[in-house]
Every structure is written in C-alpha cells, then in structure tokens.
Amino acid sequence: MTNPTLVRWHVGRVIGRRYEADSAVRLELDVPTWPGNDAGSHLDLRLTAPDGYQASRSYSLASSGESTRVVLVVHEVPDGEVSPFLVHQLAEGDEVEIQGPLGRYFIWNPADPDRSPVQLIAGGSGVVPLFSMASAREGVEESADFRLLYSVRTPRDVLFADELGALSRTTVDIVHTRESPPRSVRPPGRLTRDGVAAFSFSASASPRTYICGPTAFVETIVEWLLELGHDPARIRTERFGGSN
Amino acid sequence: MTHVDGNALAGTFVEILGIEITEAIGRCRHCGSVYGLARTRAFITAMGAVMRCKDCDAVLAVIVQNPRATVVNLSGLSYITVPRR
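Taken in order, these protein sequences are the chains called E and H. The numbering used here puts the first residue of the first sequence at -12, with every later residue one more than the last. The numbering used here puts the first residue of the second sequence at 216, with every later residue one more than the last.
A portion of the hints provided could be inaccurate.
To be verified - Residues from chain E that keep clear of chain H, each with C-beta distances beyond 10 angstroms, as calculated:
#1 L30
#2 S43
#3 L89
#4 D160
Stated by the list, open to error - Facing chain H, a subset of chain E residues (Cβ under 8 angstroms, in silico):
#5 V(-6)
#6 D31
#7 G39
#8 F72
#9 Q86
#10 R91
#11 T202
#12 W211
#13 G216
#14 T224
#15 E225
#16 R226
#17 G228
Unchecked claim - Between beta-carbon pairs, the in silico distance windows are:
#18 H/I234 <-> E/P169: 49 to 55 angstroms
#19 E/N96 <-> H/S248: 23 to 29 angstroms
#20 E/R180 <-> H/G247: 39 to 45 angstroms
Source of the hints: derived by calculation from the structure; they are not laboratory data. Computed from a predicted model, the values in this text were never measured in an experiment. Note that beta-carbon positions come from the ideal geometry of N, C-alpha and C, so glycine has one too.
Chain E extracted, bound-state conformation (with noise of 0.2 angstroms):
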C-alpha cells in the first residue's frame, strides 16, 4: 500500500488528544497529504523551536490504511527532548511535522495469502503497532489467526484498554509485570519462557512473530523463542531503547 516514493514530509494537525495511559498520550492528527500506511510502520515527527533548533523522533502508527486520519500514542521519556511536549503541551489545532510514511520490514498486511498463525508480543508501548496490527486484521473476514501477548506494568498503563478487550479476530493476554487488576488470578510478574509458551503459539504451528518493546525485553522474548524451537526467520522485532 506504501509506496516509498510517496515518504515526504507532511504538516498535521493535531484534531484530537487524550490521555491513554498515565504518562501516554493519544494523539489523532488529520494529515491531508498523507498517503495511508501498513499496519505496523511508523513516521519521524519533528519539532522546531523559535531559534531554528530540531528534533525528531520516530513514533509507531496506531492507524493503518487509506486513510488521512492518523493516530499516534506518545509514551512520556522522562528527560526526554520531543516526548513531554507531545504528551502535555501539544494542543488541538496544533501543528507538526512529520515524514512517513515508513518502515517496509515490521508490517502486516491483510492481503497477505500466509494464513499461518501471527503472534504478536509487546512490552509495554511496544504494543501499538502491533495494535495497528490487530486492528486491521479485524477489517478482513478470512486471514490467519492472530494472538496478542501484551506485558504490561499495571492496570493503569494498558493502551488501548478498551478497543482490546473489543477485538474479535484476535486472543489477547496480558500479563501485568507489577501489579494486577482486582480479582485476577495471577499475581503480578515478568514474563518468563513458560508463560511465553503459555501464552502463545508453539513453533509445530510455524506462526509468524512480530515482538515490539524496550530492547532488554525484545532481546529476552527472542532468546526464549529460539530455545522453544522458533524459526528465527519468521520472527521480526522493533526494539524502541530504554525501558521508557
């Protein structure tokens, strides 16, 4: 759907905000040059300051298709030069700049013919372009079978806490690594290799595996893929850095 020679840059304004999470925000920016995106890319956005000073920083999409509505969510970096002001100040009506849309290798596409299984394995805002991923899946009525493992802080810091529990076409689990909701039966924990085993398809399955999280996760997760006998070559990963 992408075309590579449609990556420019694009003026967005911001027509909707809300917090998603503690320290995330949802940020819906209508782009009416944007071209569409697969499930799973990403843009550069960037910001200027009065004295001619940039900075840039790649987000994941949380939309996908043809659409000029697009949807972000911003985890707070503490410290961090671009995110805070996206997460506290950016208003509606606001101006940004941003360059997509990219990212041609962590995608999934729902004309895809594969219908093996797709597993998707997120550690905490890790979980939204594979999301985007989950979304469109439901858009189409016959594709393979989708799983979604989501490890996550706490209650309080699911994205997407609502349209998840939503989702059809898609077994969610999340797995809460510090504190669990009221009534759940499993006490708050990081994953471990039993609990990805667990909670996902096993290699005689061949799925197809997207994991997205801070790079100590996606790097664990891959670890105990490969010694659960996954085929490295059907596993891809997007490592975004620090544990936020």
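Given the coordinates of chain E, work out where chain H should sit on it, guided by the hints.
For chain H alone, kept in the frame of chain E given last:
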C-alpha cells in the same frame, strides 16, 4: 547506551539518500554478513546516528547532521540492495 533497530533510521535515510532501508539488504564490509538493514543495530544521539552490524558489531554507517550540512559515511557497507518497484 542501548540500541534500537535499524528501522528507526528509516526516516533519516529516506530524507538524505531516498532509500527505504527497511526493505534494503546490505553487506557488512567487516564480517561479510548479508541481511536486511532493518535488523542492524542503531545508536541514535543528538549528535548523530551510528548503524552497527548485528553479527560482528562493526560500524556500518554514520550520519551526522548539523544546521548547515549532513555528513554520511557508509564505508562499513560493501553494498546496499534496494528492490525496484
């Protein structure tokens, strides 16, 4: 400092070279490994970006941008293959 995936440099490469690196394949000049540049390791700071080989950790590319110019060093890559569309 921690690294991210080469993916994160997609915008920088498109802007400077017009290449979508997330679908490009490169060869490491140091260890000879050939794979998708999306799977390289990227280290990004305010000073610039460094792309390293995921297999041998050698520097593949360095990009430094200042208000007047951009300096691109691709000397760690023997070649880049970009699909034609």
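Consistency of the hints with the structure:
{"no.": "1", "hint": "L30", "in the structure": "violated, 7 angstroms"}
{"no.": "2", "hint": "S43", "in the structure": "violated, 7 angstroms"}
{"no.": "3", "hint": "L89", "in the structure": "violated, 4 angstroms"}
{"no.": "4", "hint": "D160", "in the structure": "holds, 24 angstroms"}
{"no.": "5", "hint": "V(-6)", "in the structure": "holds, 5 angstroms"}
{"no.": "6", "hint": "D31", "in the structure": "holds, 3 angstroms"}
{"no.": "7", "hint": "G39", "in the structure": "holds, 7 angstroms"}
{"no.": "8", "hint": "F72", "in the structure": "violated, 15 angstroms"}
{"no.": "9", "hint": "Q86", "in the structure": "holds, 5 angstroms"}
{"no.": "10", "hint": "R91", "in the structure": "holds, 4 angstroms"}
{"no.": "11", "hint": "T202", "in the structure": "holds, 5 angstroms"}
{"no.": "12", "hint": "W211", "in the structure": "violated, 18 angstroms"}
{"no.": "13", "hint": "G216", "in the structure": "violated, 21 angstroms"}
{"no.": "14", "hint": "T224", "in the structure": "holds, 6 angstroms"}
{"no.": "15", "hint": "E225", "in the structure": "holds, 6 angstroms"}
{"no.": "16", "hint": "R226", "in the structure": "holds, 5 angstroms"}
{"no.": "17", "hint": "G228", "in the structure": "holds, 5 angstroms"}
{"no.": "18", "hint": "H/I234 <-> E/P169: 49 to 55 angstroms", "in the structure": "holds, 51 angstroms"}
{"no.": "19", "hint": "E/N96 <-> H/S248: 23 to 29 angstroms", "in the structure": "holds, 27 angstroms"}
{"no.": "20", "hint": "E/R180 <-> H/G247: 39 to 45 angstroms", "in the structure": "violated, 33 angstroms"}
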